[in-house]
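Listed here are the chains, written in short residue letters.
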Amino acid sequence: MRLNTEFMKETFWLALEGVPITLKITIIALFISIILGFILALVEIHRVRVATPIITAYVSLIRGTPQVLQILIVYSLIPSLLNAIVQKMEINFSVWDIEPIVYAYIVFTINTTALLTETFRSALLSIDKLQMEAALSVGLTPFWANVRIIFPQAFEAALPNICTTTVNLIKGTSLAFMMSVKEVTAIAKTQASYGYNFIESYLDIFVIYLILCLLVQGIFAIIEKQAQAHRKIVRSV
Amino acid sequence: MLELKNIHKAFGKNEVLKGVDLKVNKGDVVAILGPSGSGKTTLLRTITFLEKADQGEIVLKDLNLDVQKATKKDITKLRKKTAFVFQNYGLFLNKTALQNVMEGLTIARKVPRAEAEKRAKEALDKVGLSDRYDYYPSQLSGGQQQRVGIARAIAVNPDVILFDEPTSALDPELVSGILDIIRSLAKEGSTMVVVTHEMAFAQDVATHVVFMDGGVIVEEGSSHEFFSHPKEERTKQFFSRFISTDNYII
Ligand SMILES: Nc1ncnc2c1ncn2[C@@H]1O[C@H](COP(=O)(O)OP(=O)(O)OP(=O)(O)O)[C@@H](O)[C@H]1O
Ligand SMILES: [Mg+2]
Numbered sequence: 014m015r016l017n018t019e020f021m022k023e024t025f026w027l028a029l030e031g032v033p034i035t036l037k038i039t040i041i042a043l044f045i046s047i048i049l050g051f052i053l054a055l056v057e058i059h060r061v062r063v064a065t066p067i068i069t070a071y072v073s074l075i076r077g078t079p080q081v082l083q084i085l086i087v088y089s090l091i092p093s094l095l096n097a098i099v100q101k102m103e104i105n106f107s108v109w110d111i112e113p114i115v116y117a118y119i120v121f122t123i124n125t126t127a128l129l130t131e132t133f134r135s136a137l138l139s140i141d142k143l144q145m146e147a148a149l150s151v152g153l154t155p156f157w158a159n160v161r162i163i164f165p166q167a168f169e170a171a172l173p174n175i176c177t178t179t180v181n182l183i184k185g186t187s188l189a190f191m192m193s194v195k196e197v198t199a200i201a202k203t204q205a206s207y208g209y210n211f212i213e214s215y216l217d218i219f220v221i222y223l224i225l226c227l228l229v230q231g232i233f234a235i236i237e238k239q240a241q242a243h244r245k246i247v248r249s250v
Numbered sequence: 009m010l011e012l013k014n015i016h017k018a019f020g021k022n023e024v025l026k027g028v029d030l031k032v033n034k035g036d037v038v039a040i041l042g043p044s045g046s047g048k049t050t051l052l053r054t055i056t057f058l059e060k061a062d063q064g065e066i067v068l069k070d071l072n073l074d075v076q077k078a079t080k081k082d083i084t085k086l087r088k089k090t091a092f093v094f095q096n097y098g099l100f101l102n103k104t105a106l107q108n109v110m111e112g113l114t115i116a117r118k119v120p121r122a123e124a125e126k127r128a129k130e131a132l133d134k135v136g137l138s139d140r141y142d143y144y145p146s147q148l149s150g151g152q153q154q155r156v157g158i159a160r161a162i163a164v165n166p167d168v169i170l171f172d173e174p175t176s177a178l179d180p181e182l183v184s185g186i187l188d189i190i191r192s193l194a195k196e197g198s199t200m201v202v203v204t205h206e207m208a209f210a211q212d213v214a215t216h217v218v219f220m221d222g223g224v225i226v227e228e229g230s231s232h233e234f235f236s237h238p239k240e241e242r243t244k245q246f247f248s249r250f251i252s253t254d255n256y257i258i
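If you read the sequences in order, they're chains A and B. Using our numbering, the letters of the first sequence correspond one by one to residues 14 to 250. Using our numbering, the letters of the second sequence correspond one by one to residues 9 to 258.
Okay, chain A solo, but in the shape it has when bound (with noise of 0.2 Å):
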C-alpha cells in the first residue's frame, strides 16, 4: 500500500479552513455551557423543590446516552417540532432555512452544559464548609461569601475538569458532518470520497486534532497555574 502523499498535503491544507468552524463550535458551546452549568450546578445543590430534579434527570440521561445518538435526535427532530410550531401559529418562517451548524450549537450546548453541570455540583462540593463560615463570621454576606470565596475555589478545582470536557468537546464536534456542517471531519471525509483516499485523508484530521488537543491542554495548564498562584511555593525569607 502507497500512500498518496500530495493528496495528503492538499486536503490536510484543505481540512485546516474547518478549523475556524470546530473552534466556533467548540467556543460557544463551551462559553454558554459554562455559564448555564455553574447555574443548573447551584440550583442543583440548594435542593429547589421542582428544578433539582429535572437538573439532576437532565445530567443523567445525556451522560447515559451516546453523543451520536443526541445529534441524530436532535437533528431531526428540532426541525420538524420547530416548523410545526411555525406553521400552527402561522409565522412566516423557513424553518428549512435555519444553517446546520445552529443545531451543533444546540446539540454541544446541551450535551457540554449536562458534563460541566456535574463537574460544578461536584466543585462546590469539595470546597470545605469551614470556608463559607470563615467568610460569613469576617461579616460578609452569604452572596459576597461565594462571590469572594467559594465561587473562585471551586472554579480553580474544576479546571481540569472543564479541560477534559473541552478537548471531549472538540474531538465531538468531529460528528457534526452528521449535521452537514462543513467542520474538519467533514471537509476531509468529502475529499477521501472523490479518489477514495480515506486512510490519507483520516490521517490528516487525525494530526489536526492532535494538535488541537494539546493546544487547549496548554492553554489550560496555563490558567491552572494562573489560578492556582497560592500553591505555588515562595521561597521562605
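Worth double-checking, as some hints may not be accurate.
Taking lysine-lysine and the DSSO-like style, the derived pairs with C-alpha atoms no more than 27 Å apart in a straight line are [said to hold, decoys possible]:
| no. | chain 1 | residue 1 | chain 2 | residue 2 |
| --- | --- | --- | --- | --- |
| 1 | A | Lys142 | B | Lys21 |
| 2 | A | Lys142 | B | Lys34 |
| 3 | A | Lys238 | B | Lys21 |
| 4 | B | Lys103 | A | Lys142 |
Keep in mind that the hints were calculated from the coordinates and are not lab data. Since the structure is predicted, the reported quantities are computational estimates derived from the model, not experimental observations.
With chain A held as given, fit chain B with the ligands onto it using these hints.
Only chain B with the ligands this time, still in chain A's reference frame:
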C-alpha cells in the same frame, strides 16, 4: 455587654444545649471548659448564628435578638460586631495573609482600601507576621495560620472575639506563641470568650471561668475561686484529671 439567655439547641433528637445563660462584660476573658461533647463549640457557634439556636436570646450591646425572629440583616449586623477564631484556622485558601485580614474590612465593612490595608498590616505586625503579608495559607505553618486567624479577628475591632480551641490543632511547641498573643490581647482589654482545654492558660488569663457538661453550665465563677474552690462534684472530678498533669507544665 454580651448576654446569652436560655439558649437551646438540638441536633435532631440530640439535645446539645439545654438552656444556657451567660453574661460577658466588657474586658472580660471568659474561659469555657468542659469534657468533650458537652456543647462548648455549639454554644460558641450559636452566638454568631453559625449554628442557629432553636430558642433563646442573644444580646450584644444595643442589638437584642430573639434567635427565632432574627433576620438575615440582624445576623450580619451581629457578625460584624464579633470575630471568630477557628480551631482549624479557617483562612481563605485563595487569599494571601494580608487579603485574609482585609476581606472583612473592605468587603464587609466598606473600609476604603488604603485604610484597610494599613489596619490589616498593623494587625499582622501585632501577631508577628510582618514578613508574611503575601503568603498564602498553604505556605504558612499551623502556628502562622492561626496568627493570621487572630489578626483577621482583631483587625475589625470587634466587641468580642470568640475562640474555639485556638491551639488544639497545633503542634505542642507552637501552642505557647498563640497563647501569648491571646494573653497580650487580654492585657489590652479585649473582650474574649475562649473555649479551651489549656487549664494553666485558663487559670492564668481568664477573668471568668465557665464549666459546661451535658449541655448546661454546671458551675461558673471568677478564675481564682473557680480553680481554688470548685463547688460542684462534677467540676472537681473534671479537674482531678488535669491538676496532676498541669503541675508538670507549670
Ligand atoms: N452539626 C452537628 N450535627 C449533629 N450533631 C452535632 C453537630 N455538631 C455537634 N453535634 C453534637 O453536639 C454535641 C456537642 O458537640 P460540641 O462540638 O459542641 O462539643 P464540645 O464540647 O465542643 O466538644 P469538644 O471538646 O470535643 O470539642 C456532640 O454530641 C456532637 O456530636
Ligand atoms: Mg469543640
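Structure-based check of all given hints:
1. A:Lys142 x B:Lys21: OK: Lys142 (chain A) and Lys21 (chain B) at ~23 Å, within 27 Å.
2. A:Lys142 x B:Lys34: Violated. Lys142 (chain A) to Lys34 (chain B) sits at ~31 Å, over the 27 Å cutoff.
3. A:Lys238 x B:Lys21: violated, 47 Å
4. B:Lys103 x A:Lys142: holds, 16 Å
In summary, the numbered hints that this structure violates are 2, 3.
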